[in-house]
Each structure stands twice: as structure tokens, then as C-alpha cells.
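The listed protein sequences correspond, in order, to chains H and X.
Numbered according to this note's numbering, the first sequence spans residues 238 to 351.
Numbered according to this note's numbering, the second sequence spans residues 1418 to 1528.
Be aware that one or more of the hints could be misleading.
Stretches of chain X that chain H covers, calculated by requiring three or more beta carbons in the stretch to come under 8 angstroms of a beta carbon on chain H [unchecked claim]: (1) 1436 to 1449; (2) 1472 to 1486; (3) 1514 to 1525.
Keep in mind the hints are simulated off the structure, nothing from the lab.
Just so you know, even glycine gets a beta-carbon here, dropped at the ideal spot from N, CA and C.
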Amino acid sequence: AQSVTQPDIHITVSEGASLELRCNYSYGATPYLFWYVQSPGQGLQLLLKYFSGDTLVQGIKGFEAEFKRSQSSFNLRKPSVHWSDAAEYFCAVGAGNAGNMLTFGGGTRLMVKP
Amino acid sequence: AAGVIQSPRHLIKEKRETATLKCYPIPRHDTVYWYQQGPGQDPQFLISFYEKMQSDKGSIPDRFSAQQFSDYHSELNMSSLELGDSALYFCASSLVSTEAFFGQGTRLTVV
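Start from the sequences, fold in the hints, and give me the full structure.
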């Protein structure tokens, strides 16, 4: 069975600083990988996804993620964080059609200092 | 652009009551997924439907049932509610072989 680990429960960065959120997965085949963002009490918004091909994936809001098979990782990065990026971030691995039967990691709560 | 619509947005029920949550997928999407997110937890996959047939099943309790109708909307029926059923319930929709889009969720509180 697939699993996802997000080692950092909370991360605080200063506005304008760079960001990297870690994600490690366990999956028997080539994974479908996703990053979602959730603001408090809100739904899940897809930031980016990896299905195949180029291992560096560009997403919305200036985010990118790199799939590293050798490390079973799919870390999310942003070069300069904005205060509006404060939210909960979930990494997920997918199975089923288009990988939409998702197993989520525990999430990383990002706080942004002014 | 049209999004996934879930109703109601908030629901309060007493223990042992029944609740029905509704999900209206993005137009032309043929697949619906249900997730449960407990307080401070990550979302857990419950069940999915493709073309009105159940396609995958996750950790859905036997007290819960779901179906997808001919207009592709879906309903999650929850009976004999327990306090532990209090959660945010998400519906997502997709075309087969494309990524899923999530609704805003229904917050169920069982008292």
C-alpha cells in the first residue's frame, strides 16, 4: 500500500525567503504525485502534479516540485514566499484512474513572518 | 469556471441520526470521489464512482453508503451517526485520466 510522509509538521519562514517542503512517498510502481494547499476551513487546491516525463514540475502561484525516484521524494519549492502562502500543504500519492484515489501525507503548516 | 458544488456547507446532527451530503461535479466530469478529513487530520479516501458505478473503495464505514446518479451528482448517506463522524467531507470530480478538483467541503458536526 502507498504511504506519504511529510517530516515537517510546522514551518515558519520570513516573507521573501525561499521555501522547501519535504515529501517522501512509498509506492510500488511509478507514482502519481500531487501537492495541494488548504487554507483554514477551505477546500483543497491543486498546486501541481507529476504523472511522468520531466521530473521538475511547475505549478500555480510560483511553486515547483522535483520528483526524485532515487530518494522517493517530491519536495515542493518556492523561491520567494508571500504572506498569502500561509496555509496547510499536503503531499499526496495517487492510485486508480489518473491517480485520483489519493493517500495524503500528514500535512505541513506554513507560517509566514512579516 | 464552474467548480465542484457541495451541499450543505455545514450540517449539525445528533448522535444516531442520519445525514445526506450532496456533491455536484464539474460539468462533463464523469468520476466523483469522497474524502473525510477529521480535525487536524489529513483527508482519507472513502469511495469513488465512475459512470455511476463504484470504482474504488477506501476506509468507508459500513454505516455509510454512496451512489452516483444519472446526472453524475453523488450523495453520501451516513446513518447511526457517531461523535467521531464529525469531520470535513470533501467531494472531488474528474474526467477519467485527468486530475481531480475538490469542492469546498461539508462540515458535519455530530452532537
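Right, here's what the structure says about each hint:
no., hint, in the structure
1, 1436 to 1449, "violated (count 1)"
2, 1472 to 1486, "holds (count 3)"
3, 1514 to 1525, "holds (count 10)"
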